[in-house]
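Protein chains in written order, with my numbering: chain A, 1 to 362; chain B, 1001 to 1362; chain C, 2001 to 2362; chain D, 3001 to 3362.
Treat the hints with care, as some may be off.
[As the list claims (entries may be wrong)] For lysine-lysine, the following DSSO-like pairs were computed, each having C-alpha atoms within a straight-line distance of at most 27 Å:
#, chain 1, residue 1, chain 2, residue 2
1, A, K107, C, K2114
2, B, K1139, D, K3107
3, B, K1139, B, K1107
4, B, K1139, D, K3114
5, D, K3114, B, K1107
6, C, K2107, C, K2139
7, D, K3107, D, K3139
8, B, K1107, D, K3332
9, D, K3139, B, K1107
10, C, K2139, A, K139
11, D, K3139, B, K1114
12, D, K3114, B, K1114
13, C, K2114, A, K139
14, D, K3114, D, K3139
15, C, K2107, A, K114
16, C, K2139, A, K107
17, C, K2107, A, K107
18, C, K2139, C, K2114
19, B, K1139, B, K1114
20, A, K139, A, K107
21, C, K2139, A, K114
22, D, K3332, B, K1139
23, C, K2107, A, K139
24, D, K3332, B, K1114
25, A, K114, A, K139
26, A, K114, C, K2332
No lab work stands behind these hints, which were simulated from the structure alone.
Number of protein chains: 4
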Amino acid sequence: MPRAVVMRGAGERVVVGDFDRPTLQCGAVLLETIYSDVCGTDCHLFHGRLAGVPYPIIPGHVSVGRIAEMNGEVHDVDGRRFEIGDVVTFLDVHETCGQCWFCLVAKATTRCPKRRVYGITYSADEGLLGGWSEAIYLKPGVKILRLPENVSPQTFISGGCGLPTAFHAVDRATLRMGDTVVVQGSGPVGLCAVALARLAGAGHVTIVGAPDQRLDLAVEFGADEAVSIERTTPEERVERVRGLTGGRGADVCIEASGSPAAVVEGMELTRDNGTYVIVGQYTDCGSVQINPHVHINRKHLDIRGCWGSDFSHVYRALIMMSRSVGTVPWEKMITRHYTLDEAGQALEDVERLRVVKAVIEP
Amino acid sequence: MPRAVVMRGAGERVVVGDFDRPTLQCGAVLLETIYSDVCGTDCHLFHGRLAGVPYPIIPGHVSVGRIAEMNGEVHDVDGRRFEIGDVVTFLDVHETCGQCWFCLVAKATTRCPKRRVYGITYSADEGLLGGWSEAIYLKPGVKILRLPENVSPQTFISGGCGLPTAFHAVDRATLRMGDTVVVQGSGPVGLCAVALARLAGAGHVTIVGAPDQRLDLAVEFGADEAVSIERTTPEERVERVRGLTGGRGADVCIEASGSPAAVVEGMELTRDNGTYVIVGQYTDCGSVQINPHVHINRKHLDIRGCWGSDFSHVYRALIMMSRSVGTVPWEKMITRHYTLDEAGQALEDVERLRVVKAVIEP
Amino acid sequence: MPRAVVMRGAGERVVVGDFDRPTLQCGAVLLETIYSDVCGTDCHLFHGRLAGVPYPIIPGHVSVGRIAEMNGEVHDVDGRRFEIGDVVTFLDVHETCGQCWFCLVAKATTRCPKRRVYGITYSADEGLLGGWSEAIYLKPGVKILRLPENVSPQTFISGGCGLPTAFHAVDRATLRMGDTVVVQGSGPVGLCAVALARLAGAGHVTIVGAPDQRLDLAVEFGADEAVSIERTTPEERVERVRGLTGGRGADVCIEASGSPAAVVEGMELTRDNGTYVIVGQYTDCGSVQINPHVHINRKHLDIRGCWGSDFSHVYRALIMMSRSVGTVPWEKMITRHYTLDEAGQALEDVERLRVVKAVIEP
Amino acid sequence: MPRAVVMRGAGERVVVGDFDRPTLQCGAVLLETIYSDVCGTDCHLFHGRLAGVPYPIIPGHVSVGRIAEMNGEVHDVDGRRFEIGDVVTFLDVHETCGQCWFCLVAKATTRCPKRRVYGITYSADEGLLGGWSEAIYLKPGVKILRLPENVSPQTFISGGCGLPTAFHAVDRATLRMGDTVVVQGSGPVGLCAVALARLAGAGHVTIVGAPDQRLDLAVEFGADEAVSIERTTPEERVERVRGLTGGRGADVCIEASGSPAAVVEGMELTRDNGTYVIVGQYTDCGSVQINPHVHINRKHLDIRGCWGSDFSHVYRALIMMSRSVGTVPWEKMITRHYTLDEAGQALEDVERLRVVKAVIEP
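Please take these sequences and the hints and turn them into a complete structure.
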């Protein structure tokens, strides 16, 4: 009888409930959860800020666990069979249809209308389909990945869902060796973006964020400069970044802040004909005044919205994490572990920025 | 003693003055002007809306003429020598330095700070460096192009500076065969963008603009649908375009309207993961409210500012014009010819949208 | 009791057999065949030149038919339901897995090892899975496309499998407006490539091939120049193409010849830093001597192999065909129609180049 | 009276001669040479294997020196003025015209027919235009770069001309984070490619080369695996690399071997739809048999020839070198320093692979 956290609706207190141990369909896998991520999206879910969420849900979209049970043979993307006891993670996005216009013509699978997401758009009434639970039911066809040998469950979960999100953003930036990079925002996505930009050949990385502990961590993750938004005005930040980049602004700027106001500032932080990736505006936090002549047209700017991530991002992000275990102190991102019963506290701590990364350990 | 129109400063009436016939430096060419373009930028110049303009100037950045005099041998890009009497045009942008960071590292030559522009950033005190003149002095190194055999001076000037601008925008859109395209704006840039999008393999082209005569011309230029902004609300236009594109919005949208409000609308006219090129915000017409979550991030949108044009755009645009002389009625874009003495009238007619394209015929 | 052509093995005479009318699985569709394509691949199949073919097979990979029966609701990619009587085609490639490394990480679905192809890698023992048949069984999930209103079955089949193949090649060439293009080979793929290159904005198109009737057709399809390989040496052809392109060679060259020797020639026909797409080497016709210094490295050449096609190519190719019904005389590609009983004759006529395109009309 | 090495013609012994100290044109700079590179190209020059070389020449295309004299103000690309005593390098390629079709339309400046190269296509009769000399005359407009603070002249010259060449190759490979990479060849270009591929985010790097000391150095530079060509057959190497890449071959393969036979092997080492960059075929070493069906078409391969390098490659390569001073033991590439009088010995040692990198120290 696995226990799991249930979020019952917008603003309602989360509770822990008992679930029946599921019977596995052919091709399904039951994971014994080791860790599950708590991220800003979970706070949005708690407040009911995302549309189309089928409450009650079991939160937790990025998780790592041990295979406890399988029905039939299940293989990884390289054709290697999984065994009981394997430590794995999985792509939270499932049921991408492969049949619709977005899948087949645009090849923009993160915009497939059929896709559903563990911990977000599956209901608790449908089963153990979220990670804040002692067990997770992986439906047939869910894409499962082995952790690389040198990536422990703890290291993996320190990246959490910020890692593939940041990977997608850095990938979409088509960074070139030697580029100057600015990352706006020092939460998990921003910190992972700093690390990945460095690993991908950035010539200089500046983090713009707060509070100071996060900026210090960003420096440990590879940032060359840290600019606190608590002690600077937007104008000062633009001047500072331009000073670091020959007066021009950054070749690449990655927005991972969640603040609409950061978007205008980011356009100014980016050089003419530079690339600005916007990945941090995951929920609707309102509008901002933009001057299309000054900020876009005259600058000959490339702006790239970045939504969701797909299997390739997780697959490649794991490789990069494995590559950098010795050089990036990934685990320092985790501030605290929480039991299932402490999940409400975890949400509150994330929301109030008391922690960088909260991890559920069922 | 060539006569030329002189714009003396913001808001001052234009006058016609007499200039000395210049002595040619080695490698220089003197053109006898056949036609010169009047475009929206000239109205901005008249009102002093562009920064850094060294009044007095001779307006006219895109022109066509006959070679009247040369000092030494001058060759085109293919190495063919020009002869007295050749009918040619030239790239208005000159003195791109080839030595600065933008030229050498970013390879973004349209952002070179040294570049100067005939008819805009050269002063009349420096010579006959604008097209509203009986003669144009082409400094050594100015990039001169022969008109293709089947492109008459009149056909060429009908495209004017809108043609390379639209070419750059369509090129930057990386259109794929069969794409649905929306063009916002039915001035010369928008009309040229319609023609070029069709010639580049668009599957369906919608023009959004006004007044009706321009929309009718857009249909002659290849638009499949025309949506009048005089008889629709922005919401109706979004609904209309989505109806034409399977509910999704256009694969590619090209903004050539000059209106900041059009930018938000354009983001909504473009499908998720589509491409939105912003080329029409040539001067600062103010700001607009954008919701970065709704309009950029969640849409996984590509937004590409597009500034200026370079030699390759003019070179290739001429090929496309030559290709389409029989299918696109280019010359219909010209509403009226004006003498040098009528230049003030031309500016007024362009500003009040009384004409699609005004042409100076010295 | 539908009748179908059966190819029993390498070199064996094709026969016509009777098949049971299949019972439809849920989501399956039965097509009443209108036309099916005969292409060079069918000759290769006849001679046993392709590996892994599960003889006996029913040939015919690109076909058009009328929906005779459906089990349950079936929708197109835009979500519109198919009805009995609809005239449709379908993607011959099926069972692309969406689960393997090539599908998920490389996103190179045409290299998915699970994919199977109607008329090629399905056995006649598995059912009516080829187009040279009175009826075709479309398994659940086969991707079906409606013909555009102005594209008749006859027009559609004139493109046959050459159209999506050529589409993929031209798409992969990332042609820019005004580019000079050379197409090597004047079979169906080459002719379609000529038409599509023109529709995609090529500035100048040269076809290199034989015999003369095909070159004449290429000119009707949009070629500006035709060079016969029957009356020229490779050196003369290189000189001719360079003469047409300022001495440089073509910006883009598309190999659709099937001859290994053409590959070296194609590298010479392409300009330095140009793009060379190789799409015509569908079977192993042996090797050729290449000088990597002269032909690739010093030329800074881009060479792009092009294998198979996916749904987007067929979808977009249909749009382009619909666009060009009035300007490209597609149907002239069809030389003759054949009944099922004449299939052996069709194979022989294709092999001996007696016809441009042979069509099976059951 | 600066002394300089003179190469008088194909196969003739190099001599050291005395040159007049040049009078500087306005904008020219005189460098006091610290180090100059000896590379494989110099051996080719010695044997007369390159066309169009205006013997006698002063060899040495990549060098580092101290500014001894300037005529007028000279600035770097960021606008900072050079001072006497500054330690700098410069782009060996000069006189790229900025006026021809390749410069302006193709934007392929490394194919500009006007470009000339210090140490290769300038004659000794024209002055001190090569690096194996006590002084180097930098003509007005030669693009000069300051060494970054933490890059010593010795570190810089250890990369030599292999560094920008490898940079261009890795840049052209459009490597994505996590890609598996194979580098063919363990000379200076191959070793630099290993280091840069790692710095650019490669997931796994294999070097294929010889002798063992170079492979050991490759491992120090970041290779995960080293495969000796002295102890394996081509078939074994293909099998080995496929074993390291899930049976598929590498995502990216970079040829830096100089051997035509390596090109076929490289196509087999690269996975289907992978990218193969050919940069090592700098001179004509003959032809090789390629099967276009097997090696290119069916593989859906991308092959990219890579010729020369431009300013951006040197500029960015210097940033990457500065970035990696602590992690890549660049200087270990230098086996021995040679005086001007020992230049003949240096050529012989490079040719016989007795050294990895030979450096001239005048």
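Each hint, compared with the structure:
1. K107(A) <-> K2114(C): 19 Å, holds
2. K1139(B) <-> K3107(D): 23 Å, holds
3. K1139(B) <-> K1107(B): 24 Å, holds
4. K1139(B) <-> K3114(D): The hint holds at about 21 Å.
5. K3114(D) <-> K1107(B): The given pair, whose Cα atoms are some 19 Å apart, holds under the 27 Å limit.
6. K2107(C) <-> K2139(C): 24 Å, holds
7. K3107(D) <-> K3139(D): 24 Å, holds
8. K1107(B) <-> K3332(D): 34 Å, violated
9. K3139(D) <-> K1107(B): OK: K3139(D) and K1107(B) at ~23 Å, within 27 Å.
10. K2139(C) <-> K139(A): Judged against 27 Å, a Cα distance of about 24 Å means the pair holds.
11. K3139(D) <-> K1114(B): Since the Cα atoms of K3139(D) and K1114(B) sit roughly 21 Å apart, the hinted pair holds (cutoff 27 Å).
12. K3114(D) <-> K1114(B): 23 Å, holds
13. K2114(C) <-> K139(A): 21 Å, holds
14. K3114(D) <-> K3139(D): Cα-Cα ~15 Å, so holds.
15. K2107(C) <-> K114(A): Roughly 19 Å separates the two Cα atoms, so the pair holds.
16. K2139(C) <-> K107(A): 23 Å, holds
17. K2107(C) <-> K107(A): 9 Å, holds
18. K2139(C) <-> K2114(C): 15 Å, holds
19. K1139(B) <-> K1114(B): 15 Å, holds
20. K139(A) <-> K107(A): At roughly 24 Å apart (the allowed maximum being 27 Å), K107(A) and K139(A) satisfy the hint.
21. K2139(C) <-> K114(A): Holds. K2139(C) to K114(A) sits at ~21 Å (cutoff 27 Å).
22. K3332(D) <-> K1139(B): 52 Å, violated
23. K2107(C) <-> K139(A): 23 Å, holds
24. K3332(D) <-> K1114(B): 43 Å, violated
25. K114(A) <-> K139(A): 15 Å, holds
26. K114(A) <-> K2332(C): Measuring from Cα to Cα gives roughly 43 Å; hence the hint is violated.
Consistency note: the structure conflicts with the earlier hints numbered 8, 22, 24, 26.
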